[in-house]
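First to last, the sequence lines map onto chains A and B. Numbering of the first sequence is given in this note's numbering, commencing with residue 1 and proceeding in unit increments. Numbering of the second sequence is given in this note's numbering, commencing with residue 1 and proceeding in unit increments.
FYI, nobody ran anything at the bench for these hints, they're computed from the structure. We put the CB at the ideal spot given by N, CA and C, even for glycine. Treat the hints loosely; a few may be bogus.
[Said to hold, decoys possible] Estimated spans, in silico, between C-beta atoms of each pair:
1) B:Gly403 <-> A:Lys157: 31 to 37 Å
2) A:Lys5 <-> B:Gly316: 34 to 40 Å
3) B:Glu290 <-> A:Leu337: 36 to 42 Å
4) B:Pro376 <-> A:Lys157: 44 to 50 Å
5) A:Asp160 <-> B:Pro376: 24 to 30 Å
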Amino acid sequence: MKPVKVVHYLNQFFGQIGGEEKAGIHPQLKTGPIGVGQLIKKESSDRFEVLQTIICGDNYAAEHLDEVSSLVSKWVEEIQPDVFLAGPAFAAGRYGMACSVMCKTVQQKLGIPSLTAMHSSNPGVDAARKEIYIIETGDSTLDMKRVIPKMVGLAQKILDKVPIGMPQEEGYFPRGLRINVRAEKRGSKRAVEMLLKKLRGEPFETELPLPQFDKVVPAPPVTNLAEAVIALVTEGGIVPKGNPDRIEAHNASKYCKYFIGNKNDLTGEEYQTAHGGYDPVYANDDPDRVLPLDAARLLEKEGVFAKLYDYYYMTVGNVTAVASAARYGREIGELLLREGVQGVILTST
Amino acid sequence: MNELFLRKVRVQDVVFGNRTEISDHVLRINQEELVRYLLEDRRLHSVEIKLARPGEKKRIIPVKDVLEPRAKLDGTLTTFPGFFGSAEPVGTGITYALDGVAVVTCGKLVNFQEGLIDMSGPGAEFSLFSKKLSVILIMEPKENLGKHEHEEAVRVAGIKAASYLGLTGTVTPCDEEIRFPVETFIELENSHQDLPKVIYVDMVIAQGLLHDNYIYGMNAQGSLPVILSPTELMDGAVVSGNCAAPCHKNTTYHQQNNPIAEDLLAEHGKTLCFLGVIAMPVRTALLDKERTCTQVLKLAKFLGAQGAIVSEDGGGNPEADLMMLARLFEKEGIKTVLVTDEYAGRDGASQGLADVTPEADAIVTNGNGNQYVILPPMEETVGHLEAIDVITGGHTGSLRSDGWIEMEIAGIMGSTVEVGSENLKTIAV
Numbered sequence: 001m002k003p004v005k006v007v008h009y010l011n012q013f014f015g016q017i018g019g020e021e022k023a024g025i026h027p028q029l030k031t032g033p034i035g036v037g038q039l040i041k042k043e044s045s046d047r048f049e050v051l052q053t054i055i056c057g058d059n060y061a062a063e064h065l066d067e068v069s070s071l072v073s074k075w076v077e078e079i080q081p082d083v084f085l086a087g088p089a090f091a092a093g094r095y096g097m098a099c100s101v102m103c104k105t106v107q108q109k110l111g112i113p114s115l116t117a118m119h120s121s122n123p124g125v126d127a128a129r130k131e132i133y134i135i136e137t138g139d140s141t142l143d144m145k146r147v148i149p150k151m152v153g154l155a156q157k158i159l160d161k162v163p164i165g166m167p168q169e170e171g172y173f174p175r176g177l178r179i180n181v182r183a184e185k186r187g188s189k190r191a192v193e194m195l196l197k198k199l200r201g202e203p204f205e206t207e208l209p210l211p212q213f214d215k216v217v218p219a220p221p222v223t224n225l226a227e228a229v230i231a232l233v234t235e236g237g238i239v240p241k242g243n244p245d246r247i248e249a250h251n252a253s254k255y256c257k258y259f260i261g262n263k264n265d266l267t268g269e270e271y272q273t274a275h276g277g278y279d280p281v282y283a284n285d286d287p288d289r290v291l292p293l294d295a296a297r298l299l300e301k302e303g304v305f306a307k308l309y310d311y312y313y314m315t316v317g318n319v320t321a322v323a324s325a326a327r328y329g330r331e332i333g334e335l336l337l338r339e340g341v342q343g344v345i346l347t348s349t
Numbered sequence: 001m002n003e004l005f006l007r008k009v010r011v012q013d014v015v016f017g018n019r020t021e022i023s024d025h026v027l028r029i030n031q032e033e034l035v036r037y038l039l040e041d042r043r044l045h046s047v048e049i050k051l052a053r054p055g056e057k058k059r060i061i062p063v064k065d066v067l068e069p070r071a072k073l074d075g076t077l078t079t080f081p082g083f084f085g086s087a088e089p090v091g092t093g094i095t096y097a098l099d100g101v102a103v104v105t106c107g108k109l110v111n112f113q114e115g116l117i118d119m120s121g122p123g124a125e126f127s128l129f130s131k132k133l134s135v136i137l138i139m140e141p142k143e144n145l146g147k148h149e150h151e152e153a154v155r156v157a158g159i160k161a162a163s164y165l166g167l168t169g170t171v172t173p174c175d176e177e178i179r180f181p182v183e184t185f186i187e188l189e190n191s192h193q194d195l196p197k198v199i200y201v202d203m204v205i206a207q208g209l210l211h212d213n214y215i216y217g218m219n220a221q222g223s224l225p226v227i228l229s230p231t232e233l234m235d236g237a238v239v240s241g242n243c244a245a246p247c248h249k250n251t252t253y254h255q256q257n258n259p260i261a262e263d264l265l266a267e268h269g270k271t272l273c274f275l276g277v278i279a280m281p282v283r284t285a286l287l288d289k290e291r292t293c294t295q296v297l298k299l300a301k302f303l304g305a306q307g308a309i310v311s312e313d314g315g316g317n318p319e320a321d322l323m324m325l326a327r328l329f330e331k332e333g334i335k336t337v338l339v340t341d342e343y344a345g346r347d348g349a350s351q352g353l354a355d356v357t358p359e360a361d362a363i364v365t366n367g368n369g370n371q372y373v374i375l376p377p378m379e380e381t382v383g384h385l386e387a388i389d390v391i392t393g394g395h396t397g398s399l400r401s402d403g404w405i406e407m408e409i410a411g412i413m414g415s416t417v418e419v420g421s422e423n424l425k426t427i428a429v
């Protein structure tokens, strides 16, 4: 059998460079397999040969996804492997995101089959499940021995161009692609049977689960605005210059809180946007355009409301997982309530 | 109690002959007589009749509608009521059906909304029409005939041919007789008290611009929802004049042989009590949608329905009606199953319906109309092969220089039909 040439992507930890203290390292290329790469070779009975391993720090990748992914695809294009593998990332969010984005970019740009593996809670899953195969793993490295053969097996099938089985057979996350199949019974019969089950209160399974859109009931209006404390909150990514807390440009892993009690205006000298999803020129030129502190101070002065809260909360709502966004919203709301705020001006981009 | 006897005459072959008749399960058609009859309509310039049998290497395109030849034995009643002769209510008495035969209307009409039927090969797996003995009417209109009149002429010709051929059945021994009781609501109430009462809502597009269905010969555009016995569907009370996407326009054949009505009738008196059919016109404007949906709810409540099956016709805006009905019904405690199809994109990655609602928790899907297929050349084209480049599901370049065809199954007649006649469905992978 022809050997399979592999390029493998790892973070600083699996790349055996170091832990969190090394999370800022730039992408680097090393010859041959490292760690998990050895296992890939072994589990493929030496057929998969990791030619090069790309290692990048989790933070560096998270903050420079576009830059890292174009560098990685440039390297992969030069090496011309048969397949590009990344991870497994298990439950590590920044790592999983990087694995997914690298695989997606390599496959889309170069047409080289790419796959990765991670846990269902990893935000990397939703980032690329439609475009690439992502093998489902447990939430820790304990699952490594089970997962590597799955990755190797699926990669082999893709390379051999044999039909890929159903998600549960092959162990990948359903890609959400709706394909046509033949049912045993015609549609009308299935409808009658489904109705009978529904009428009897028995469990039934819809053939077309619909996306469920959460309806958020708006809070009642502030009863006495003139006595209210109002806060500014944004998902538009406004941060102090230099992004001191390193909030991510995509799929933010957190929200941040900054003091504005001594400011009447946000200037481009002191603030910027960290949001990677819109043209930053106008926000960087005048951050009030996204977080309207100047206008809020004016209203405060006019007595429209009693006081502007001394801090603002912010996050980046750019391809941020809905589950994370819901959590940030809930937590920020609870904190503001506790801190005596009655109303919020929430700006979005 | 009233009843309908549906007598099926099995037809195993169709040929041209000197007389139009059936003998030994062979349908013979006097071609000249039928052409002459159809050309009585002065709007038609020419009518050509072609035959195609299952397994033959023939491709029929562009197809407008398909009908099953049926006729009433009784003197005054007619199938396809309201078009010729009587508009008297049908659904009782004796009806003859030529089982295995399909009248196929063909010819350039709108061109975008007509479909393809392959009689063999991979394309034939998508349509029950590929398994029928097809009597194809290729019709060309007189010059300068308007689109609406052209559509009407073609629709009427289909009905005439299906009635004409159906009459041969009435003088032929039948192979099977099925009895359908036609019960009054009092009879239904008294005889099936312990069974859940179920209504079938049969959506019929009525949107103008050649997207219309006819109920008792009347354009459904001007109609409120109407209650029909399932046997009235069998007698052609609903006729398609619908030039919507071929994969999911309910043809007249699909309504005559409506499988949801059939499968509910099969359970009637056993696991459920089938109250009847509500034919529901589907309009475009929101006010019209609200009017028809609330009228359907009114009728369903009036009849005491506890469960409902709703089938879509066409795609896109009718999904607003579908979801509105699910909301209204479920709010009133009427358990609802929706029957639809999807346009989920060639890769299946898109959201396949134009509207959704959380109450729509029980849906049967008849497949993704965007599935891409490559079909081999056939030995004979019945109609106009070049239409493939403009019909729904086709595109410029669909007809390749090597004679093969690349297209979406949206262009194959009835491939994802939303009354559930086929067994195609989607799953998520």
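Task: Violated hints - listed by number, lowest first - done: When the structure is compared with the hints, numbers 2, 4 turn out to be violated.
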